[in-house]
Structure formats: C-alpha cells, structure tokens
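Same order as they appear, the protein sequences are chains A and B. So for the first sequence, the working numbering puts the first residue at 1; every next one is plus one. So for the second sequence, the working numbering puts the first residue at 257; every next one is plus one.
Some hints could be false.
To be verified - Listed below are the simulated DSS-like cross-link pairs for lysine-lysine, each with C-alpha atoms no more than 27 Å apart in a straight line:
no., chain 1, residue 1, chain 2, residue 2
1, B, K384, A, K220
2, A, K220, B, K434
3, B, K571, A, K220
4, B, K370, B, K505
5, B, K538, A, K219
6, B, K370, B, K353
7, B, K471, B, K356
8, B, K538, A, K162
No lab work stands behind these hints: they were computed from the structure.
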Amino acid sequence: MSNEVSGRAGGAGGAVEASAERDAGAPPETNVAPPPPKARHLKRAPGFKPPRWLPTLVFCVSLLPFLYVVGAIASDFFQGTRYLGSNPIKEAEHFTGKWALKFLALSLAVTPAVRLLRQGWLIRYRRTFGLFAFFYACTHLTVYAVLDVELTWSDMIEDVAKRLYITIGMTALVLLIPLAVTSTKGWIRRMGNKRWNALHRLVYVSAVLGLIHYWMSVKKDITEPALFGLAFALLLGWRAWRAWGPSSNQRDSTSA
Amino acid sequence: MLIRVTPEHPIRSSEITSEFDYENRRQFLKEAGLLGLGVAGMALLSKGAQGQGSTQQGTSINGAELKPELTPWEDVTSYNNFYEFGTSKDDPADNAKEFKARPWTVKVEGMVAKPATYALDDLLKPHKLEERIYRHRCVEAWSMVVPWLGFPMADFVKRMEPTSSAKYIEFTTLLDPKRMPGQRSAVLDWPYVEALRLDEAMNPLAFMTVGVYGKMLPNQNGAPIRHVVPWKYGFKGCKSIVSVKFTDKAPRTAWNVSNPGEYGFYGNVNPTVDHPRWSQAKERRIGEFRKRDTLMFNGYAQQVSSLYSGMDLRKFY
Numbered sequence: 001m002s003n004e005v006s007g008r009a010g011g012a013g014g015a016v017e018a019s020a021e022r023d024a025g026a027p028p029e030t031n032v033a034p035p036p037p038k039a040r041h042l043k044r045a046p047g048f049k050p051p052r053w054l055p056t057l058v059f060c061v062s063l064l065p066f067l068y069v070v071g072a073i074a075s076d077f078f079q080g081t082r083y084l085g086s087n088p089i090k091e092a093e094h095f096t097g098k099w100a101l102k103f104l105a106l107s108l109a110v111t112p113a114v115r116l117l118r119q120g121w122l123i124r125y126r127r128t129f130g131l132f133a134f135f136y137a138c139t140h141l142t143v144y145a146v147l148d149v150e151l152t153w154s155d156m157i158e159d160v161a162k163r164l165y166i167t168i169g170m171t172a173l174v175l176l177i178p179l180a181v182t183s184t185k186g187w188i189r190r191m192g193n194k195r196w197n198a199l200h201r202l203v204y205v206s207a208v209l210g211l212i213h214y215w216m217s218v219k220k221d222i223t224e225p226a227l228f229g230l231a232f233a234l235l236l237g238w239r240a241w242r243a244w245g246p247s248s249n250q251r252d253s254t255s256a
Numbered sequence: 257m258l259i260r261v262t263p264e265h266p267i268r269s270s271e272i273t274s275e276f277d278y279e280n281r282r283q284f285l286k287e288a289g290l291l292g293l294g295v296a297g298m299a300l301l302s303k304g305a306q307g308q309g310s311t312q313q314g315t316s317i318n319g320a321e322l323k324p325e326l327t328p329w330e331d332v333t334s335y336n337n338f339y340e341f342g343t344s345k346d347d348p349a350d351n352a353k354e355f356k357a358r359p360w361t362v363k364v365e366g367m368v369a370k371p372a373t374y375a376l377d378d379l380l381k382p383h384k385l386e387e388r389i390y391r392h393r394c395v396e397a398w399s400m401v402v403p404w405l406g407f408p409m410a411d412f413v414k415r416m417e418p419t420s421s422a423k424y425i426e427f428t429t430l431l432d433p434k435r436m437p438g439q440r441s442a443v444l445d446w447p448y449v450e451a452l453r454l455d456e457a458m459n460p461l462a463f464m465t466v467g468v469y470g471k472m473l474p475n476q477n478g479a480p481i482r483h484v485v486p487w488k489y490g491f492k493g494c495k496s497i498v499s500v501k502f503t504d505k506a507p508r509t510a511w512n513v514s515n516p517g518e519y520g521f522y523g524n525v526n527p528t529v530d531h532p533r534w535s536q537a538k539e540r541r542i543g544e545f546r547k548r549d550t551l552m553f554n555g556y557a558q559q560v561s562s563l564y565s566g567m568d569l570r571k572f573y
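Next up, chain B with everything else stripped away, as it sits in the complex:
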C-alpha cells in the first residue's frame, strides 16, 4: 500500500494552481472585458469549453441556452450555500476570508487498489485542467451559469482503480469548527458528506473542480477542491473535500440525513417532482427578473437520463 504523507509545512504548495492562475490571468482579463461587453465573450468562452470537454454542455435544449450568459463573478462568489461558514447566503464570503486552504490533503480510502493520502498537488498533477460552463441549479429554485475549472471525475476514479465491488463514491468535507465557524452550531450533522453512484461519478459531466472563472476556487466556493454534478441540485456537490471513499453501501448523505422527506440521495434536478415546500417547475436565474422553466436533469437529460432508466424518479428523488 502506498501512503503519501504531506510534510507538515510543504514549501510552496499548489504549484499547479498558481501556475494555472498565472497562465489564465491574461485570458481571464480578456474575457472579463468581453463579459462587460456582453454575449460575444460568453459565446467564445463556452465554445472553448465545449471544445475541450467531450460533452455538449452549454448548448441549447429548448433554445433557452443558446447564448449562455455567465453569472457574474460577484454573484458566484457572494451568493453561496456553504453552511460550514454560516447559513445566510452572504455568510460564506464573509466568514471564509481567513480560511487557509493550504496545505491540504485528500484521503482516498475504501474499495480502491491504491488507498492513499494525497497532498493536493500530487492529486492534481496528472490531470489536465479544463473549463466547463455548467448550469448550477439550487434545490431552492435559483440557478446560475458558472465557468468551472477542473478535471473529469471519471479520470480521477479510473486513476484510483476502485475494486469491482465498489458501487458508490463518498465525499467528505473538512471537519474543523475552528476554521469553519458554521460547524460550531449543529445545523447539520457534521461533517458534510455527499455521495454518488459510481456510474454517476463516471459520467463525463461529473467534474472535480479546483477553480472558477479561471482562478483558484475562492474559499466560499469550496476551496481548494470540490465536485460539481450539473444535473443534480447544488447540495449534491461536496465542497472542501478531505476524503473520498469507495464503498458498496449507499452512504448516508448530509441533507438526506437532516431531512429525508425533502432531500433524497439522488437530488436530480426534476421539474416534475416538487420539493414538499415549493415547486421545482421553475427557477430564478440569478440576475434575471423573470423566472424560467427548469429543465429535466437541468438540461443535461441527453447525457445522463440513461443512468436512471427504469427508475421511479418520484420515489428516488
């Protein structure tokens, strides 16, 4: 068994991230300029991202997304549900300012050929970072369009070589009430745990994310590493991941434990299955005045619906 231990104070952590940060700076500034001008920049950016990803995210399902307009950086980084830093939307941006996401290790455990604890840099090194523009639909019926930076979860899973009995992948957020003040109150059963079926994790859309808008993830967005599953409600994404576990039993996920009647294991975006307290048929895109219709699987049905064929999505919500 290979165990990689991080030195306690590694010199110059995050070579990779700082490099991409640097590398992307010019491009980012250029695109930020275009962002001011409008859609032209967006189209360019999204086209680039689509070229990189093998999938068709960002394209139109019913015409609604022909010109995906990115949600401004300011909204993406100030309107967050990240209860580890407080329960108001603006709490994370305020309370995560002092958070240090370095040094960072991610423990990979369970049914894998190579269980190990990776320093973040070692974890990222083999992967080529790419940008993905994804719709982000919160279970609270608001949505954003976010240019994430990261690498396919499938690549990560393959690299870890799960055993044939592994059926689920479980992610755990850092548990440290000293650094995450929200964990001092018991709003959720800490630490935050999220999980996917392994075949969901292998879907090309599932994304390990280390950046947004060409920069390193801000703390309030789940620094230094989180995952994004764009066809599911936002709560299915686990932030500030410290452990990844491969298992054969369905893990108990944070919101499901907290309120099983309202939050299921799957959390797939589904306009036809209401949240008990509100309809999921529509959503408010941040920055827009009128609501828009919510699309099945958040508009990614083509890529993911086969994962759920034959399942009663009313029951497995």
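Chain A extracted, bound-state conformation:
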C-alpha cells in the first residue's frame, strides 16, 4: 500500500484518500519500475491534454442534481408541478442521499481509473467528487432536518439516538467532515502525506456506513442498495487486492 501514498499534493490536489499521482515528479522512493521514463510518459498521458475548462464543466455538471432538486421542490409546491411526484419532500430526501453515495463511489473510482487507464490527469477530480459527496450528504441532512422533521430538535435527537440506521448515517456524514476540511493543498502540506493519507482512508469507513444506512432504511426491496453495494465492493475490493493480494509485494516493488 505504501506507494499509493507517495507523492505530494502539489498541483493535482488530491482529495479524499491519497494524494496526487501526477506529482510523481518528486522522486518516488520505491519506484524501481523498469524504464521509468516510459512509465512516466504513460502516466502523464501526453496524448491527451484535458481542456482548461474541463474542471469548470465537471463542477457545473456535478451541481446539476442539486439545482434540479431545489427547482423541482419549489416548483412542485408553488406551481403544482409533479417533478418529484406526490411526496416531494421524501423524494428530495432520497434523491440527495443517493447522490451523496453516487459521488462517494465516483471519488472512490478515480484512483482505480488513474491506475488502470493510466490517465494521471484524472486525479484532481477525486477531490472534486469527494467534496460533492460531502455537499450532497449535507443537503440530504438539511432536507431531513428542515423539511422532514421541521427542525424539531427533540425528534432529531431521538432519531439519532434510537434509530440505528440514522445513527449510522449521521456517523457516515460526520466522518466526512475532517476529510472535507483537510481537502486543501495547505492541509496536505501541513499534515504531510503519510498522515493525510491515513486520515483520508476514513472515506472507506464512511462509504460502508453510508451504504448500510441506505440498506437499512429501505422497507423491503433492496435492489438499489445492492447495486450500490456491488459498486462499493468492487472499488474497495480493488484496493484490498492491491494492498494484500497475492501480487501486492511484487507490484510494490515494480510500479508506482
């Protein structure tokens, strides 16, 4: 697992779990890959230079579900439309919660994508997606607190204390807070890669708890949570396999 944490954040802006691949510019301690220039060449993927506006586009697209749900709920209540069906508040609650999980999955997919596709430029989106996961989780909490239980604090405390799936969901969200706070370059520098990476492994815990929260909240039909479960299992399984799998030692000494 050690190389996964190598490199400094630098321009790439690592987010939720490890830092930047593209910064392999700093001499990698364990990298003894045979022709290193070629490896670097592939990683930098010089054949593809993402356009400068891509980050802005990704940001705007990631914001669309939020804009949609805000617009839809306002329209449903004030214009009588039916974008969110008969029970818009419940629907908005589910919608934002599921988007939090989708962005968590996306941010967990970035590192495997970088490795498997050898597209180092992708790594910056790990932070983007990680922060959007946090953003949607907060939106989900806001819909719950403001629209669903209408800021009845006693009800909320009772929910968190008495209902296991809410306790778990709240824990998943709280675990994301330190990750969001320390997602900046400054924090990566201050903490150092090792500690930063260790901290950001919390995202695995948060993802699993988020999934359990969703699974437990479903009344009967578990198809959708099972699909999320499959995605998370693949994403986390890939990491486990790299860390502890049969070829992990060999890879540790041959690739970055």
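Since the structure of chain A is provided, determine the placement of chain B on it from the hints.
Quick look at chain B alone, frame taken from chain A:
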C-alpha cells in the same frame, strides 16, 4: 352447498360497476369542477357521504378535519404501495395498465353457512354502493383523504353468515405472477394475505371498496375489489381480493410474516407507538408542506377504540 361458478367468458361483466360509473359521471364532473374551486366542493361531497354512512367519518376530532380536503385523483392513483406491481410508489400505475380485472370471482370459504365462489357482479348485486371519505394513513407516515365507493363490510359479513366459531376474516389477493409482475420477485411471501378480527370487520367503518372518486377502482388501487379499514395503517387493506375466508385462528398476514418486529397483526394507527425505524407521531398529508399530528386510530377513536379496550396497544401493534 351452493356453488356459483362464473362462466369463463361472461358476456358483459360488471353491469353494476359500469352503471354506477355512468350514473356518477355527471356528479363526478360537477364535483371535480368544484374540486378545482376549492373546499366548497369538498364540504358538499363529504356531507353527502356522511349522510349516507351512519358514522361520523370526516368530521373534526381536534379541528384538523373540519374541511377535509380530498387528495387529488392524480395522487390517489399514482402514489401507491401495491407490491404486486412493483415496489416503487409509481410502479403500480405503470405496471398495472394492462391488468384485466374482469372476469373476476371471489371465493368465500371457511366457517360460513354459504361457502361459494361468486362472480363479482353477483357479489356486488345486493349491496347499495355509497361513498365514504376516509383518511388513509400509511405506515410510512404519509396520508391522504380519499373518497371511496363501496359498501359496509358488516353487510357483506352478515350476508355470508359466518358460524359462531368464526373469529377472524382473512382476505387474499390474486396470485398470478403473469399478470402481476411484482410477484415474480420474492419481496413478500405471495399471495398477499390480510385479516381482521370479526368484530373489527363488523365495525361500521370497515368498508368493501370497488371505486374511488365515483369511478371504478383503477387497477393500481386494487381493482376490482379491495377493503379499507381507515383506523388502521394502509397495509391492512387487501387489494384485488380473490378469496375471503372465515376462520377461528388468527391468520398469518403478509407484512407480519415478512417483518414481525415492524408490522403486527393489528396495524392500528397509533401516534404513541413508533415504528422501530421512525416515529408515528406525525404524518405528511400528501400535497401539504408541513407535517400534521397523527391522531389516535387515525381520528376514528370514537368509533373503534372500544374494540381494543383493555388491550396493551404497545404489545398488540
């Protein structure tokens, strides 16, 4: 023993239903117009229904229901829990489109003087249809106000002449995965079974339902015949009923079998007994922005609480 068998392809089924459909059309249009205008129509409609029923449904318990505003047709017919047609709320409306609720027979069996299989029309013929505006409270903490059309369950029970040893009445939904695609996955132990104590079934509020908003029941609402017990959570109502059985043993009901810790036999609306995963103290009335308090027995305590005197409702949830 009298056995009535439906011909396989009866000519012109549902004379009664089509007749009331026709008869009610003008009234329905008139009232639908009023619905657009607001509460005036509702008050009229509910007053009419109360006049017909001997009970006081729709009146105020704590002022909350002085002007019961009907939940729009569109919500009543598109926001449904009917797992036989899928588990999402909008699945039933989508997946039940092709469902043919005719011809239809209902088997009456068990401890009755006259066990028989009735063609739907024969089952309905002796009963005079009336409208009842009932609050409908789902166990998931949302609610509606629905103008049902049907006849008192008590009349039906009396007509079937249960024997003195019959203590429960059990309803079963059609089992036909070909026509009910939701039954192809094992989300519940099909067929759906619901049951009432016989004295509950005899309560004037318990209602055999064949229509809504003056029309025949849409498929997604449990066509062609379902029952409604307004003081209980919605899951206690059995849809698309094919069999009614009178028995002396408490039947195993679908949700109770599926998750006994969360769904009891009684399923009475009770704001003081939480569902393990959420509070039942409040509910969201479909179409409303703020939640409202849930009333004991869904606001029908006056009519039904005597059925449960001396019972620990925490234990018998």
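Hints versus structure:
Between K384 (chain B) and K220 (chain A) the CA atoms are separated by roughly 38 Å; this puts the pair beyond 27 Å, and the hint is violated. Proposed proximity of K220 (chain A) and K434 (chain B) is supported: the alpha carbons are some 21 Å apart, at most 27 Å. The suggested pairing of K571 (chain B) with K220 (chain A) holds, with an alpha-carbon distance near 23 Å, which does not exceed 27 Å. At roughly 19 Å between alpha-carbon atoms, K370 (chain B) and K505 (chain B) fall within 27 Å of each other, so this suggested pair holds.
The hinted pair formed by K538 (chain B) and K219 (chain A) meets the criterion: a straight-line CA distance of about 19 Å does not exceed 27 Å. Between K370 (chain B) and K353 (chain B), the direct Cα distance comes to roughly 35 Å. Violation of the 27 Å bound is thereby established for this hinted pair. Simply put, K471 (chain B) and K356 (chain B) have alpha-carbon atoms about 16 Å apart, close enough for the 27 Å limit, and the pair holds. With a CA separation close to 17 Å, the supplied pair K538 (chain B) and K162 (chain A) stays within the 27 Å bound.
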